[in-house]
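2 protein chains.
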Amino acid sequence: MAEKITPRAQDFSQWYQDVVLGSELADYSPVKGCMVIRPNGYAIWEAIQSDLNRRIKDQGVRNAYFPLFIPESFIKKEAEHVEGFAPQVAVVTYAGGKELEEKLVVRPTSETIINSMFSKWIQSYRDLPLLINQWANVVRWEMRTRLFLRTTEFLWQEGHTCHATHDEAEQFARRMLKVYQEFSEETLAMPVICGIKTESEKFAGALRTYCIEAMMQDKKALQAGTSHNLSTHFAEAFETRYLASDGKLASVHQTSWGVSTRLIGGMVMTHSDDKGLILPPRLAETHVMIIPIYGKDAAENLRVNEHAEKLAESIRKMGNQGPWSAPIQVRIDRDESKKPGWKFHQVELLGVPIRLELGPKDLEKQQAVWLRRDIGTKEFLPLDSIPARVASELPKMQSELLERARAFRIQNTHSVESYEEFKSKLESEGGFFEASWVPDAEVEKRIKDETKATVRCLPYGADFEPQRTSTPCFITGRREGTVKALFARSY
Amino acid sequence: MAEKITPRAQDFSQWYQDVVLGSELADYSPVKGCMVIRPNGYAIWEAIQSDLNRRIKDQGVRNAYFPLFIPESFIKKEAEHVEGFAPQVAVVTYAGGKELEEKLVVRPTSETIINSMFSKWIQSYRDLPLLINQWANVVRWEMRTRLFLRTTEFLWQEGHTCHATHDEAEQFARRMLKVYQEFSEETLAMPVICGIKTESEKFAGALRTYCIEAMMQDKKALQAGTSHNLSTHFAEAFETRYLASDGKLASVHQTSWGVSTRLIGGMVMTHSDDKGLILPPRLAETHVMIIPIYGKDAAENLRVNEHAEKLAESIRKMGNQGPWSAPIQVRIDRDESKKPGWKFHQVELLGVPIRLELGPKDLEKQQAVWLRRDIGTKEFLPLDSIPARVASELPKMQSELLERARAFRIQNTHSVESYEEFKSKLESEGGFFEASWVPDAEVEKRIKDETKATVRCLPYGADFEPQRTSTPCFITGRREGTVKALFARSY
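Residue numbers (the numbering used here), protein chains in the order written: chain Y, 861 to 1351; chain R, 861 to 1351.
Hints were generated in silico from the structure; no laboratory data involved.
In this text the structure is predicted, and so the values were computed from the model without any measurement.
Accuracy of the hints is not assured; some may be wrong.
Unchecked claim - Negatives, chain Y to chain R, calculated, CB over 10 Å: (1) Pro867; (2) Arg868; (3) Glu943; (4) Leu988; (5) Trp1001; (6) Glu1028; (7) Ser1091; (8) Arg1101; (9) Ala1110; (10) Leu1162; (11) Ile1270.
Unchecked claim - Label pairs and their in silico Cβ distance ranges: (12) Y:Asp1134 - R:Lys936: 56 to 62 Å; (13) R:Lys936 - Y:Ala946: 29 to 35 Å; (14) Y:Asp1106 - R:Val1229: 37 to 43 Å; (15) Y:Asp1134 - R:Ser1105: 33 to 39 Å; (16) R:Gly1107 - Y:Trp1202: 20 to 26 Å; (17) R:Gln1271 - Y:Asp1106: 54 to 60 Å; (18) R:Arg915 - Y:Arg1328: 55 to 61 Å; (19) Y:Asn1165 - R:Ser1185: 30 to 36 Å; (20) R:Lys958 - Y:Asp1078: 42 to 48 Å.
Think of the CB as a built atom: it goes at the ideal place given N, C-alpha and C, for glycine as much as any other residue.
Just chain Y, with the same shape it has in the complex:
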């Protein structure tokens, strides 16, 4: 640990890798493209799972588990789906010492295998809606990988639902995107733009894909979650039908939606700094680290420890009440083999929200040294004021991280009226670009080829539809069918 972190300004990508490896969130594995999520990183994933799982269940969704392997023929049943995923799949060709009669694809996503079960379980309209989610690993063969952001294997949740009508499915896809937005902003403190993917960027097999897009500190975009209205595409391929109340057989309308361990990378790139991680308190395993300052007098050190323990206990008692409404985890670093300076460094690297120092001189004054990770200014606080301060500071820090990130995004989002302006600002400043645009796959490709920027989404209005604009298309000058579009370079 405690290795040097490359400053963000010098090399953002190297900074990210230094922070992720240095804080021991993850490590490279001997398997190409696959990462190891180390305990510090997995603790964040557990916090994400626990919070998001509750939100998903609040929508009436139940968890289940479907096979890792998908018969190759299943992947091929939905035409767009196979086209989208075939180049990326890993395939099991022999098992149990024998060549397999039918090859098995390691799931890149589970629409096909899940539909084969839905067809069996759904008989009539009484079985609808059917709302299922699974937490699982998936595999998509990637050439260029990056810890958390793009790995061959990753962990995610994938929701799959069946509804009687198009409208119900559409409503549900929108509702789940809203759940992702709230989760992302409230828990990850990562503000997002909600929108609709263009035809060329939508999920392979979907009618429409909704997404949330976040801005990282290097002003690039990260797609943080997607929710798809699948219409009856998979239902038709797998004959997932129900007997309607009018006695007719109809295909179900479906949605699917997912977020992955990529969120951890997004959270790191949103908040952290040149000293290491900055964790939103809602994701922190340890909220407060007390560092006792030891001297040479053993009796005095004992007294410092006793007061540190007393302080820790009184802070813990503030958990599960007031605006924080969750436990407060406090640890004391009693390791006598390490110097305080090393420990300060370590707490910064690991992103513990609040650090307290307590030495013999502090005890004399009945105070402790207080430092909030993201602000970094020392304060001397009376001991008896600290528990209440922690309880109010954790939600404060949580919302300030969100607002700081939102202010950063707003500051780096530009409205452009011409392609020239767009290209020049993209080069000089980077960021998000809002423009009036006529969606068109060829134009989209040209923009991507020429600038490496892509349409992140068409931000939607109150009606969840692309927002019509009154100015001409920034690139073609066309006046018909212009909508608001968001462009950026992305991960």
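Once you've looked at the hints, dock chain R against the given chain Y.
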């Protein structure tokens, strides 16, 4: 649902399948040997995970996640390990549209890939002990599969630890078996025998394997969990070494331990009956189901609903206090399209611990009909007595299920002194057989071939060693080296 369940006495194996499918715990998938865990089953797995995860973390173990794929060469590094697992692995040979240079094995267990990381992370004695666990899916190609009990893919947790000395590793392997025993008995209400596996039954690569064995209602044994002292076998193969405090480089001593979704099958076969599931209250998603009895008078039905809601609320208030110390989940079945008889049947099939009926006549008498799933005798209880009764009944039912299963096992465990007696009783009565035996792989094989029974374990004494006996070996008559051994037919 509500299909006919084959009685246990008629065909135990068919009964098990009827219960698991009927209560919608699981279903067969289109992928050979792989099952789907349906929401009712996954809720039980989540309860198991949440409870066991806490117990594992209490031992100082932290969760992490390692790759699904293992380079084929890794599996081959430990000689016994490859011999044990090679026939069972599924292999990815092409991915991303290309033949792979090195084939990838889908993990059957993760000792090898994890050791490759441990070698990187461990430098000195200061890094020890290193205590890691992962919750993951694993794949072992199986010919004969059975829902939950033996499936090609299954979910499990696998712990992997590194220690400085043999003794520390040995202590830790024993401690984790104890954790499994307590978990199994306290949470699954499934009593287990703790013991040591013989050389031929131990884990491929282990020095010694500890196990817990449970008796099912058909008197067969189920291996429910294992904990291995791996000695330095994998550490030597992967050069997982540490600098000891004396400055010398030494291999770490390791353990690994795991339990899987198999526990769900064991729990079902321990408690359930011909009417369906019986769930230990600690695993139940719903503890109390209130079934309002509706008539033709809408106003009266409304009044019944109001009282049902009031009753539910006052029962819920008893959660998180007293001996139960957990939430109490109460549901009301308000479906007016279904008759009470159908609902009673359904609650029995799903194993809800307590069923309450509440109709207009009950309201007049300020009572409700009470029925505990495992006992099945109706009682008429004053409404105001019910909340306290639920709070005391849930822990009571939990411990009675355990004691009933334990009594059943004791009753069906026989001491035998000769092979003839063993064979004859095994045929006529089945069950567990305790005998004085001299461990010997050839004799073991002969017993298995002739009787289909195996040595389940050598039950250990207070010193965690096989218990020496003073009577001759029940099969060879030898007097030297006899120990207590447990034989049974098994899953």
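Outcome of the hint check:
{"no.": "1", "hint": "Pro867", "result": "holds, 26 Å"}
{"no.": "2", "hint": "Arg868", "result": "holds, 27 Å"}
{"no.": "3", "hint": "Glu943", "result": "holds, 13 Å"}
{"no.": "4", "hint": "Leu988", "result": "holds, 15 Å"}
{"no.": "5", "hint": "Trp1001", "result": "violated, 3 Å"}
{"no.": "6", "hint": "Glu1028", "result": "holds, 20 Å"}
{"no.": "7", "hint": "Ser1091", "result": "holds, 23 Å"}
{"no.": "8", "hint": "Arg1101", "result": "holds, 17 Å"}
{"no.": "9", "hint": "Ala1110", "result": "holds, 21 Å"}
{"no.": "10", "hint": "Leu1162", "result": "holds, 24 Å"}
{"no.": "11", "hint": "Ile1270", "result": "holds, 36 Å"}
{"no.": "12", "hint": "Y:Asp1134 - R:Lys936: 56 to 62 Å", "result": "violated, 44 Å"}
{"no.": "13", "hint": "R:Lys936 - Y:Ala946: 29 to 35 Å", "result": "holds, 31 Å"}
{"no.": "14", "hint": "Y:Asp1106 - R:Val1229: 37 to 43 Å", "result": "holds, 39 Å"}
{"no.": "15", "hint": "Y:Asp1134 - R:Ser1105: 33 to 39 Å", "result": "holds, 36 Å"}
{"no.": "16", "hint": "R:Gly1107 - Y:Trp1202: 20 to 26 Å", "result": "holds, 23 Å"}
{"no.": "17", "hint": "R:Gln1271 - Y:Asp1106: 54 to 60 Å", "result": "holds, 58 Å"}
{"no.": "18", "hint": "R:Arg915 - Y:Arg1328: 55 to 61 Å", "result": "holds, 58 Å"}
{"no.": "19", "hint": "Y:Asn1165 - R:Ser1185: 30 to 36 Å", "result": "holds, 31 Å"}
{"no.": "20", "hint": "R:Lys958 - Y:Asp1078: 42 to 48 Å", "result": "violated, 32 Å"}
Of the numbered hints given earlier, the model fails hints 5, 12, 20; all others are met.
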